[in-house]
Amino acid sequence: MCRLAAIISNEYFSPMENILALETMKEGHDGSGLGLILRDLGGEFEDLKEFPVLSAITTEKGFYDLDQFMVSRGFRTKHMWEPELSPNPGPTVERHDRYIVKAFEYPDHIRDKPFEEKAEFLLRTRLEIRAMGERDGGSIRVFSFWPDVVTLKAVGDPLEVGEFFGLDKKPIPARVVFAQGRQNTNYAINLYACHPFFIQGVFTMTNGENTAFVPIREYLTSRGEPGYVGYNSDSEVFAHILHFMRYRLGYPLPYYKDVITPLKDEEMEGRPDADALRLMKRSLRMLTIDGPNCVIGCDRDGTVFMVQDAKKLRPGVVGGVRGRVGLMSEVCGLTAAVPDRDTEKDVFPMKYDFVAVRPGAEEIETWNQLDGSTTTISLA
Amino acid sequence: MESVGRLDHNHQLSLNDLPYIVRWEDPRCTRCGRCTAVCPVRAIEPGVFEKRLVESTGPIPLPTTVRKVVSGVRQVTDIRRRCIGCATCRLVCPNDAIRPEFNPANKFNWHINQEGEPYKRGGRRNDPGVSTLDQLKFTRISMLTDPALDAGRHEFRVRTYLGRNLPPEQLPLRVEGDSLVKDGTPFIPPVREIFPIRIGGMSVGALSPHMWEGLAMGVAYLNEVERIPVVMCTGEGGMPPRLLKSPFLKYFILQIASGYFGWDEIIHAVPEMQCDPAAIEIKYGQGAKPGDGGLLMAAKVLKHIARIRGVPEYVDLASPPTHQTKYSIEEAVAKMITSMSMLFGFRVPVYPKISGTKTALAVLNNLARNPFAAALTIDGEDGGTGAAYTVSLDKMGHPIASNLRECYLNLVKIGKQNELPLFAAGGVGKSGNLAANAAALIMLGASGADCGKYIMQAAAGCLGDERNRCNICNTGKCPRGITTQDPKLYRRLDPDKVAERVVDVFVAADKELRKIFAPMGRSTELPIGMSDGLSVADKAVADRLQIAYAC
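Just so you know, the protein sequences line up as chains E and A, in that order. Here the numbering used here is used: position 342 in the first sequence is 345, and no number is missing along the way. Here the numbering used here is used: position 453 in the second sequence is 452, and no number is missing along the way.
Derived from the structure by calculation, the hints contain no laboratory data. Treat the hints with care, as some may be off.
30 Å max Cα-Cα, derived DSBU-like pairs, lysine-lysine [to be verified]: (1) E:K284 - A:K510; (2) E:K314 - A:K476; (3) E:K267 - A:K181; (4) A:K119 - A:K412; (5) A:K510 - E:K354; (6) E:K81 - E:K116; (7) E:K284 - A:K412; (8) A:K136 - A:K357; (9) E:K267 - A:K249; (10) E:K284 - A:K249; (11) A:K412 - A:K249; (12) A:K510 - A:K119; (13) A:K496 - A:K244; (14) E:K354 - A:K181; (15) A:K496 - E:K314; (16) E:K267 - A:K514; (17) E:K172 - E:K81; (18) E:K267 - A:K415; (19) A:K415 - E:K284; (20) A:K181 - E:K314; (21) E:K173 - E:K29; (22) E:K314 - A:K514; (23) E:K121 - A:K412; (24) E:K314 - E:K29; (25) E:K284 - A:K514; (26) E:K52 - E:K116; (27) A:K302 - A:K476; (28) E:K267 - A:K510; (29) E:K172 - E:K64; (30) A:K357 - E:K284; (31) A:K496 - A:K514; (32) A:K496 - A:K510; (33) A:K415 - E:K314; (34) E:K354 - A:K514; (35) A:K394 - A:K476.
Here the structure is a predicted model, which is why all the values come from computation and not from measurement.
Hey, can you work out the whole structure from these sequences and the hints?
The following block contains the structure:
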């Protein structure tokens with residue numbers, strides 16, 4: 004089973020902290036891969052927040068193809084970061100030619116358009132790049148193209164990968180970092196199968212296995228959304244469900260819980276919005292999961308959350324101090340990331356809980372699906 | 000040398016030509032006469048035989064040969080009175096002296112069309128082979144990466160929706176503060192939450208009063224006591240008027256078919272109905288006999304049936320092959336769905352049922368665009384019927400598995416797989432595997448499955464099978480009292496026992512469905528379209544159904 008380590012902070016921190024947290028949970032992942040998404044970037048990206056950042060892995064040829072493609076689309080490079088790759092990577096690391104993290108200026112025709120138009124444009128561009136890379140057998144693998152977001156993925160043991168990228172020496176600091184140590188189970192090792200999964204500013208990572216994967220995938224791909232592609236992992240649907248309910252249906256974030264694990268009809272009576280829930284349950288039946296899954300996600304505004312399936316409940320814990328909260332699959336990871344916290348305030352989300360931490364990480368909010376109430380834990 | 004006249008029995012059949020040969024054991028027979036009295040087709044009759052016996056009557060053994068005339072049981076060779084293999088004779092024999100035996104070398108099909116009348120019968124396609132549904136296996140068993148559920152202890156929701164689900168983009172919802180609220184009072188199509196196995200349409204008329212009553216009682220008990228929301232379809236022929244005006248109407252799907260039988264009574268009862276029916280099924284076709292309308296033979300049109308149907312007594316009631324108002328799918332089906340919806344104030348789901356066909360997609364696509372179409376039922380070639388030409392039964396129709404699958408995948412293509420539920424029928428439980436067949440259909444994309452023949456066999460001991468055993472539903476002489484209107488016959492059937500068995504069947508099916516879904520890790524929602532859970536050991540079938548091939 005995969006191990007998950009997300010940290011949200013009011014200060015910039017190194018993604019190595021997530022990797023070290025994963026290291027404490029090493030018994031649970033087999034080192035078949037590491038995925039990192041960094042949001043709210045600091046360091047050399049701190050002043051580039053409105054510029055979209057492309058995260059990709061390419062061959063040498065793919066690197067030049069990509070460059071030409073971006074130029075042809077009217078993008079101008081604003082800033083580029085390349086990891087200082089370790090000359091002696093650990094034995095598990097699978098090395099690729101180029102790792103690209105590049106901020107661009109928008110093309111002139113889109114620069115002054117509303118953000119929603121830009122969002123669609125960025126998605127279409129990413130998909131074009133992806134298709135281009137797939138056409139010639141994997142010369143380009145693109146993970147995200149969005150302002151203030153960087154994605155790094157690699158096959159290998161998380162710690163070795165972190166050192167390989169030189170994150171221990173020259174990291175990109177960020178205020179939200181998601182890291183997943185992959186336990187490769189059903190699928191071939193494929194960088195596109197590596198969590199976290201990203202689409203238009205939202206991302207999720209998951210542990211467990213999604214038994215309802217095929218009907219959910221078929222439902223998402225039939226929505227006519229070009230971005231609902233991939234699915235090299237059964238967990239990718241969680242990111243797309245989040246995107247669909249937030250940015251296609253416009254539902255408030257906690258309804259994510261109602262979409263993936265709807266209440267029983269008799270339980271809905273306790274909710275003031277029972278009428279809406281009844282309709283949603285029927286219309287979104289195909290997106291119901293049966294788990295076992297713990298999902299950690301991040302919305303466009305930087306709110307991070309953890310939610311469980313309604314029955315089999317994978318491990319998951321949320322805890323921290325004011326200004327720094329960890330959302331982890333195991334307590335040992337949380338202790339590594341936030342050792343000085345008051346463990347009495349740790350939250351272990353159960354079947355009805357939707358636990359969210361807003362940017363700034365001042366408090367932990369637990370929204371109860373059964374009655375719609377919110378319990379807030381102020382952190383010291 | 001015998002004269003030619005004595006030997007020439009041309010144009011007569013011998014027992015070897017008949018499908019069943021009655022084995023009668025003289026030494027065991029007590030000559031009670033029960034077997035000949037009970038035979039529904041008079042295939043056996045009391046007979047006399049000349050017999051050579053060795054007797055010794057005096058005080059000293061002195062065997063002598065005598066010839067005597069003795070009584071016994073004789074099977075007739077008239078094809079119209081052939082033994083149908085029902086074995087009712089064996090059922091009533093006190094000394095196990097008689098039984099029918101299937102004769103695989105029979106010449107039945109060559110001789111049954113006497114007087115130019117093709118063979119008509121009840122039952123279903125006479126193919127005892129293993130159906131595609133029975134070949135499918137559930138092979139995605141969760142164990143380590145995804146712990147299986149516990150069928151006995153975890154909470155399961157084995158329910159499905161009958162009715163059109165609005166696509167989420169069209170839901171009348173708006174955000175108010177942090178909540179979603181229902182926006183205004185727009186039309187929301189009616190949807191029923193039901194158990195995913197339904198009892199398919201079998202009419203009052205085709206079924207005896209005791210059988211129909213037993214089914215109805217069983218269904219009511221399942222809903223009200225067991226809380227398993229099973230619904231049953233009336234078939235074409237209306238409903239007993241008292242039931243129409245009862246609070247139990249909500250458990251029944253009223254069927255309208257091309258003869259409109261029973262609808263005069265139904266329409267007149269509408270103002271007095273205490274509740275709405277579960278749904279309205281418009282029958283355009285029946286998997287057992289595609290291209291044929293319903294058929295109720297005159298022998299079954301007794302007074303009470305004539306009254307419910309609004310027709311004279313003792314006339315053949317043949318529904319036309321198509322609805323007379325039907326001109327095109329686009330126009331007539333839409334009109335009919337709208338009319339039936341209007342009758343119940345758009346509070347009742349209305350959907351068509353068609354026979355399995357290569358052209359099912361055309362109907363489906365039309366329904367997908369009709370916002371009032373609540374579902375589509377596709378009835379495959381292994382469906383049953385009370386009366387049809389055997390050529391229709393045996394040689395017409397489309398298997399349900401691939402027909403259902405291609406319809407589901409087409410809905411996936413247009414993104415309406417949750418909007419328009421598909422129900423599959425025809426051969427569900429053909430070999431007794433009701434829950435497994437239904438689960439396989441669900442995982443191929445059905446929202447639910449219908450059974451008819453299975454419930455007659457399980458709940459009332461219907462004798463029919465795919466070796467043409469019995470299958471005389473059309474004659475009104477059903478030896479079990481299931482498909483007859485003759486009080487002497489249907490009194491054999493205890494409606495309470497039927498109801499008990501209906502409850503047994505559905506309670507057991509509910510448990511079996513959990514036993515199938517639990518190891519695959521599904522419990523909250525039905526695994527509709529979860530085709531990765533299925534596999535088959537036939538590559539061609541696997542390719543056609545787009546499921547895994549495993550051997």
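These are the hints, each one checked on the structure:
no.: 1; hint: E:K284 - A:K510; result: holds, 24 Å
no.: 2; hint: E:K314 - A:K476; result: violated, 53 Å
no.: 3; hint: E:K267 - A:K181; result: holds, 19 Å
no.: 4; hint: A:K119 - A:K412; result: violated, 41 Å
no.: 5; hint: A:K510 - E:K354; result: holds, 25 Å
no.: 6; hint: E:K81 - E:K116; result: holds, 19 Å
no.: 7; hint: E:K284 - A:K412; result: holds, 22 Å
no.: 8; hint: A:K136 - A:K357; result: holds, 25 Å
no.: 9; hint: E:K267 - A:K249; result: holds, 22 Å
no.: 10; hint: E:K284 - A:K249; result: holds, 23 Å
no.: 11; hint: A:K412 - A:K249; result: violated, 34 Å
no.: 12; hint: A:K510 - A:K119; result: violated, 38 Å
no.: 13; hint: A:K496 - A:K244; result: holds, 25 Å
no.: 14; hint: E:K354 - A:K181; result: holds, 26 Å
no.: 15; hint: A:K496 - E:K314; result: violated, 39 Å
no.: 16; hint: E:K267 - A:K514; result: holds, 21 Å
no.: 17; hint: E:K172 - E:K81; result: holds, 23 Å
no.: 18; hint: E:K267 - A:K415; result: holds, 24 Å
no.: 19; hint: A:K415 - E:K284; result: holds, 16 Å
no.: 20; hint: A:K181 - E:K314; result: holds, 29 Å
no.: 21; hint: E:K173 - E:K29; result: holds, 24 Å
no.: 22; hint: E:K314 - A:K514; result: holds, 17 Å
no.: 23; hint: E:K121 - A:K412; result: holds, 28 Å
no.: 24; hint: E:K314 - E:K29; result: holds, 26 Å
no.: 25; hint: E:K284 - A:K514; result: holds, 25 Å
no.: 26; hint: E:K52 - E:K116; result: holds, 17 Å
no.: 27; hint: A:K302 - A:K476; result: holds, 17 Å
no.: 28; hint: E:K267 - A:K510; result: holds, 20 Å
no.: 29; hint: E:K172 - E:K64; result: holds, 28 Å
no.: 30; hint: A:K357 - E:K284; result: violated, 33 Å
no.: 31; hint: A:K496 - A:K514; result: holds, 27 Å
no.: 32; hint: A:K496 - A:K510; result: holds, 21 Å
no.: 33; hint: A:K415 - E:K314; result: holds, 28 Å
no.: 34; hint: E:K354 - A:K514; result: holds, 23 Å
no.: 35; hint: A:K394 - A:K476; result: holds, 25 Å
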